[in-house]
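> Given chain E, put chain S in place with the hints provided.
Listed here are the chains, written in short residue letters.
Number of protein chains: 2
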Amino acid sequence: MAEYNPLPLTKLIEQFASLPGIGIKTAQRLAFYMLTLSKQQAEDFAAAVLEAHEKIKRCSVCQNFTDQPVCSICSADERDHSVICVVEGPKDVVAFERTREYKGTYHVLNGLISPMDGIGPDQLSIKELLARLGDGMVTEVIMATNPTVEGEATAMYLSKIIKPLGVKVTRLAYGIPVGGELEFADEVTLFKALENRNEI
Amino acid sequence: MAEYNPLPLTKLIEQFASLPGIGIKTAQRLAFYMLTLSKQQAEDFAAAVLEAHEKIKRCSVCQNFTDQPVCSICSADERDHSVICVVEGPKDVVAFERTREYKGTYHVLNGLISPMDGIGPDQLSIKELLARLGDGMVTEVIMATNPTVEGEATAMYLSKIIKPLGVKVTRLAYGIPVGGELEFADEVTLFKALENRNEI
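In order, the protein sequences belong to chains E and S.
Under numbering that gives the first Met the number 0, the residue at position 39 of the first sequence is numbered 38, and the numbers go up by one with no gaps.
Under numbering that gives the first Met the number 0, the residue at position 162 of the second sequence is numbered 161, and the numbers go up by one with no gaps.
Rather than coming from a laboratory, the hints here were simulated on the basis of the structure.
Errors might be hidden in some of the hints.
Each pair may be met inside one copy or between any two copies, as identical chains are not told apart.
When the alpha-carbon atoms are kept at most 25 Å apart in a straight line, the in silico BS3-like pairs for lysine-lysine are as follows [said to hold, decoys possible]:
no.: 1; residue 1: K24; residue 2: K167
no.: 2; residue 1: K54; residue 2: K38
no.: 3; residue 1: K10; residue 2: K38
no.: 4; residue 1: K102; residue 2: K167
no.: 5; residue 1: K54; residue 2: K159
no.: 6; residue 1: K56; residue 2: K24
no.: 7; residue 1: K10; residue 2: K56
no.: 8; residue 1: K56; residue 2: K102
no.: 9; residue 1: K90; residue 2: K102
no.: 10; residue 1: K167; residue 2: K10
no.: 11; residue 1: K38; residue 2: K56
This is chain E alone, in the form it adopts within the complex (with noise of 0.2 Å):
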């Protein structure tokens, strides 16, 4: 499709449909607004993805995105540093602080063991996860991974290194979700609801 374009937007097209998830057709719609845009506009675009990749940092302590050395969750006095939640990226952390309710520390794992892909431990941020439990600080941390075969696979991974070193390691509970309907959901998922039952 892109063929049928002047350069420039042919690059800008391929630029698009390089980013995850954007199809040909997706990219070109894109690239069309693009060129409706002011020329100020245009430079906005372009300013925020370089300011951001240039600015954006991995933080020292849980590996999340941050434009400081230590982020703003690591560095806040009022959040609980006795407990790591930890997440498979930066996407997951946001999940979590949207729900206003968890006042603990992450830790992003920037992805999980997944042998297929070629993804070992070595390949995550675990030896950066071991360090911060060594002065004897945290208490607990949740596996917070997806509940997928990788997910699982990960969480049981990392609980066998930080057990041994006496640090409680809680999983998230596995349920029905709320506002969903019994109808559809699977069989495991039913059976962990029943057997994880709560009295009220």
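Chain S alone, transformed into the frame defined by chain E:
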């Protein structure tokens, strides 16, 4: 969602979210992806935005996107300059070019007449279209606007202006889409397909 991210990242998410059809979750995913790129890749992306915006103009003849004063179709000797296919936007030119069958030229209206959206004939490149019909070289104008209320209204409006100039005005055929299923065709489409049936 953006509020839980550092400012330069929030700004990038907002830039992506301002694009048509990109919601806040997709915008966050794209922004996070941007941060995983190399410095060179991020710079290439930003440069593509700026370069396309700077170099891509409107063809002075057909009003399609081009990086030349006159686009490659309007300046091609092998195209049939006696036929003009009138379309709503540049994406429609790409769609027709993909058929590799149409050998005439185009005219990009840059919109459709839509009183509800405050778009009248003056906002479209109708003046430029009429200017192309002045020298008697053009013998046919094909109305290839979408088969929607606005597309039909625009085609009717233009045909009323162009016919008195002694130029043949045609409209794309209505019918069942190739590869579609009759069962899912709407009544009006099916009626048009029946009405315009061809001997085989």
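> Now tell me if each hint is right for this structure.
Do the hints match the structure? See the list:
1. K24 - K167: Cα proximity of K24 and K167: none, with 49 Å in one copy and 33 Å across.
2. K54 - K38: both (24 Å within a copy, 11 Å between copies)
3. K10 - K38: Both ways: K10 and K38 sit 18 Å apart in one copy and 18 Å across, limit 25 Å.
4. K102 - K167: The answer is within: 17 Å in one copy meets 25 Å, while 72 Å across copies does not.
5. K54 - K159: The answer is neither: 36 Å in one copy and 58 Å across copies each exceed 25 Å.
6. K56 - K24: between (32 Å within a copy, 21 Å between copies)
7. K10 - K56: between (28 Å within a copy, 15 Å between copies)
8. K56 - K102: Classified as within; 23 Å inside a copy, 53 Å across copies.
9. K90 - K102: Answer is within: at 17 Å inside a copy they meet the 25 Å cutoff, but 49 Å across does not.
10. K167 - K10: neither (52 Å within a copy, 38 Å between copies)
11. K38 - K56: This pair counts as between: shortest inter-copy Cα distance 12 Å, intra-copy 29 Å.
Checked against the numbered hints listed earlier, the structure breaks hints 1, 5, 10; every other hint is satisfied.
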